[in-house]
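Peer 1: Line order of the protein sequences matches chains A and B.
Counted from 1, the first sequence has number 361 at position 362 by numbering that gives the first Met the number 0; the numbering is strictly sequential.
Counted from 1, the second sequence has number 76 at position 77 by numbering that gives the first Met the number 0; the numbering is strictly sequential.
Hints may contain errors.
Chain A is faced by these chain B residues, among others (derived, beta-carbon under 8 Å) [as the list claims (entries may be wrong)]:
1. Tyr24
2. Ile28
3. Ala74
4. Ile75
5. Ile76
Keep in mind that the hints were calculated from the coordinates and are not lab data.
Note that the structure is a prediction, hence the values are computed from the model and not measured.
Every residue, glycine too, gets a C-beta built ideally from N, C-alpha and C.
The primary structure of each chain is shown beneath.
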Amino acid sequence: MPDTLQHIAFNVEKAREDFPILKMQVNNKPLVYFDNGATAQKPKQVIDAIAKYYYEENSNIHRGVHTLSQKATTHYELARQTVQKHMNAASVNEIIFTRGTTESINLVAHCFGKLFITKGDEIIVSEMEHHSNILPWQILCEEKGAVLKVIPVNEKGELVLEEYKKLLSDKTKLVAVTHVSNTLGVINEVKEIISIAKQKNIPVLLDGAQAIPHMAIDVQDLDCDFYCFSGHKIYAPTGIGVLYAKAKWIDRFEPYQVGGGTIKTVTFGKTVYVDGPLKFEAGTPNIEGAIGLAAALNYINEIGLSAISSYEDELMQYATEKLKQLSGVKIYGDVKRKAAVISFNVNDIHPFDVGTILDKQGVAVRTGHHCTQPLMQCFNIPGTIRASFSFYNTKAEIDIFISALEKAIKMLS
Amino acid sequence: MSIAEIEQEIIEEFELFADDWELKYEHLIELGKSLPLIDPVFKTEEYIIKGCQSKVWLHSELKDGKIIYTGDSDAIITKGMIALLVRVFSNQTPAAILNADVSFIDAIGLKEHLSPTRANGLISMIKQMKLDALAMSQKS
Chain A
0 MPDTLQHIAF NVEKAREDFP ILKMQVNNKP LVYFDNGATA QKPKQVIDAI AKYYYEENSN
60 IHRGVHTLSQ KATTHYELAR QTVQKHMNAA SVNEIIFTRG TTESINLVAH CFGKLFITKG
120 DEIIVSEMEH HSNILPWQIL CEEKGAVLKV IPVNEKGELV LEEYKKLLSD KTKLVAVTHV
180 SNTLGVINEV KEIISIAKQK NIPVLLDGAQ AIPHMAIDVQ DLDCDFYCFS GHKIYAPTGI
240 GVLYAKAKWI DRFEPYQVGG GTIKTVTFGK TVYVDGPLKF EAGTPNIEGA IGLAAALNYI
300 NEIGLSAISS YEDELMQYAT EKLKQLSGVK IYGDVKRKAA VISFNVNDIH PFDVGTILDK
360 QGVAVRTGHH CTQPLMQCFN IPGTIRASFS FYNTKAEIDI FISALEKAIK MLS
Chain B
0 MSIAEIEQEI IEEFELFADD WELKYEHLIE LGKSLPLIDP VFKTEEYIIK GCQSKVWLHS
60 ELKDGKIIYT GDSDAIITKG MIALLVRVFS NQTPAAILNA DVSFIDAIGL KEHLSPTRAN
120 GLISMIKQMK LDALAMSQKS
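Chain A with its partners taken away, still in its complex shape (with noise of 0.2 Å):
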């Protein structure tokens, strides 16, 4: 019985112990905190980790000799490796700290395009994706005079991949999609689309950012070329992100930003820059973001991502049969295989007025277009609530979120 195995495995009144946040109180309630999906909240695993970098360790990285320096440093760089093992890289340069997935996506934009993009050229994204993923391309399109191709999403929320197969030619240059959608929680079947892509030897982005909380990244069995994602959606600090790129792009792509830190020898006639993904890293790095990811990964990793995942489907299953159950409720993108995230709306009820009277009674979910305002379009709405989970939250929290629910339809319908 291994669903028994994972149960004792997890356990989830532990786990919340983790997290100092959610014994607060919001609006005189306890919180229930369902908008992971925008940010997840940190154990103090991660808060303590940052404390005692700033206690014990601040100082400059790369550069220093002295002990603090190189203590520094090499928290830093074991915080790379921590990523690399993480998500299976083939060697720890090929991971780039960066802000975010927004910057990773703007860095491989701007060294891409920069190389490889031409008048005429087709870049491909998905009508699901975060605007993150839609204006980098976009912006380029515009620059390069390339164009922007779109693969659609059928009613249930899913990427039409036989739409996919005839978008892609003898002119695409790179397609960029999410792996899994911020605003409908489905997983899109990314290892086919990476393998039909690379029939014809185009590299894929993957956009890992609603990914990377939920499930294992193998980048190598993935065969992407670029993995994109952020921190704080994984119980890191905000500020702090992940570019992973094959090692052959690293070598290629010149510098996104320069700087400190990025250069071999710098004379006023010619530069030359470092190898690796310190050529990416200009200026002084975000240091106590990295260790703090470093940190939530082994804390994640301690739990184990099989159990992490298992006890979130066993949430999903129990919100969606709650949620169906209440009349005029629609779900959007109603498939099996989704990560942690309903989105819904009730009859013609705004979401934002169900998104207030929810927050009055403590509940934290997202309501508006979650920056899809494409998706948004497609189907023809002005936004939804979404609620979204993480393995701290329980049933007896959907029950509250339910109860909430069934009184913010009363008032307002």
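Given chain A, work out where chain B should sit, using these hints.
Peer 2: Relative to the frame of chain A, chain B by itself:
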């Protein structure tokens, strides 16, 4: 009634609900439902004030030296807030509107709706009400 008197009236009205958020919001929702609708000819892109989540439409016209505001929103709670603002500002002179503040919203415990989260467009709406008053004060 002057703006200050109307604001005081609203504050007293809301005092009845004390700290009961449910009664307060039920009242706000009722106000939203009772808001006289903006003339559909003004419910266009030209009169829209875009919040991040809910949309607001605002129209103003000068009648006998006073400004008549009408408004609407696609979200009912935002509409309730508009009803309050229209009640305070409509049928007042441009000068009085320009000098008025909206601290009554804080006093009735609904300050969160004016937080700069860009969610509901209300801050932009108040700004627009004042801008219209400024424009009309220069005309009249």
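Peer 1: Confirm or reject each hint.
Peer 2: Quick rundown of the hints versus the structure:
| no. | hint | result |
| --- | --- | --- |
| 1 | Tyr24 | 7 Å, holds |
| 2 | Ile28 | 6 Å, holds |
| 3 | Ala74 | 4 Å, holds |
| 4 | Ile75 | 5 Å, holds |
| 5 | Ile76 | 5 Å, holds |
Of the numbered hints given earlier, the model fails none.
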